[in-house]
Amino acid sequence: MNASDHVQWERLEPEPEDAAAKGKAIKVSIVVDIIALAMVSYGLFILPEGESLGALRYLFLVILAIMAMFQILFMSYSFSPITKPLLVYSDGLVPPQSVLGKVRGVPEFLPREQIESLELVIFRFSKEGNARSAEMMKINPRMKLRANLRNGKKISLAERRPEAIRSVSERMGSSWGVAIKEMFIDV
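In our numbering, the protein residues as written are 1 to 187.
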């Protein structure tokens, strides 16, 4: 069944500043990876013939390229709850999509029957926590929303301001009969 066959309740859009910052981080990482690969390639190929690594230099470059690609895919996956919208329908939701998410089995549409509970990740300020993180959270408070599935998987759905997360989670919880759990992380 296609998401267009469902009745859309809400579209929780990413906050522009957060999405832009994470998008820039991904772009900077891509540029840094390309520059690093170019520098390593240059270094490997200008070695004097006697000190050459031979065919191993090609293997080394392939491994570095794979590592750089995985880093970009991981960042895109990690940032997708911040940079992509969460679509909530009457009978399920469309989690944020990414290439690595698809590989990990994040479905394109998640029926409400597969959701055991919703988890709100709430950041608390503690004396033992990082002062810089606490100050950033006071200026720009955040809360995460995750879906705990009946098969044991957890899927990150969104990271937004607390009022937006509470609003969408309360609607899903009350309409679908899904428990809402709170988890606290000290910052």
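Note that these hints are calculated values from the structure, not bench results.
Watch out, some of these pointers could steer you wrong.
Said to hold, decoys possible - Cβ-Cβ distance ranges computed for the label pairs, FRET-style: (1) S41 with K154: 38 to 44 angstroms; (2) N140 with L73: 22 to 28 angstroms; (3) F70 with N140: 27 to 33 angstroms; (4) K102 with A20: 52 to 58 angstroms; (5) W9 with S78: 24 to 30 angstroms; (6) M67 with Y42: 14 to 20 angstroms; (7) A36 with I185: 29 to 35 angstroms; (8) W9 with L56: 52 to 58 angstroms; (9) S175 with F60: 50 to 56 angstroms; (10) K102 with I46: 45 to 51 angstroms.
What you are looking at is a predicted structure, and each value in this text was computed from that prediction instead of being measured.
For every residue, glycine included, the Cβ atom is placed at its ideal position computed from N, Cα and C.
So, going through the hints one by one against the coordinates:
One distance hint, 38 to 44 angstroms for the beta-carbon pair S41 and K154, holds here, with the actual separation near 39 angstroms. Take N140 and L73: their Cβ atoms lie about 26 angstroms apart, and the range 22 to 28 angstroms holds. Look at F70 against N140: about 29 angstroms separates their beta carbons, and that is inside 27 to 33 angstroms. Look at K102 against A20: about 24 angstroms separates their beta carbons, and that is not inside 52 to 58 angstroms.
Between W9 and S78 the beta carbon distance is about 26 angstroms. The supplied range of 24 to 30 angstroms therefore holds. As the Cβ distance of M67 to Y42 is approximately 18 angstroms, the hint placing it in 14 to 20 angstroms holds. Taking the beta carbon of each, A36 and I185 are about 32 angstroms apart, inside 29 to 35 angstroms as hinted. The given range of 52 to 58 angstroms is respected by W9 and L56, whose C-beta atoms sit roughly 56 angstroms from each other.
Distance hint check for S175 and F60: the Cβ-Cβ separation is about 54 angstroms, which falls inside the suggested range of 50 to 56 angstroms. Separated by about 40 angstroms at the C-beta atoms, K102 and I46 break the suggested range of 45 to 51 angstroms.
In this structure, the earlier hints numbered 4, 10 are contradicted, and the remaining ones agree with it.
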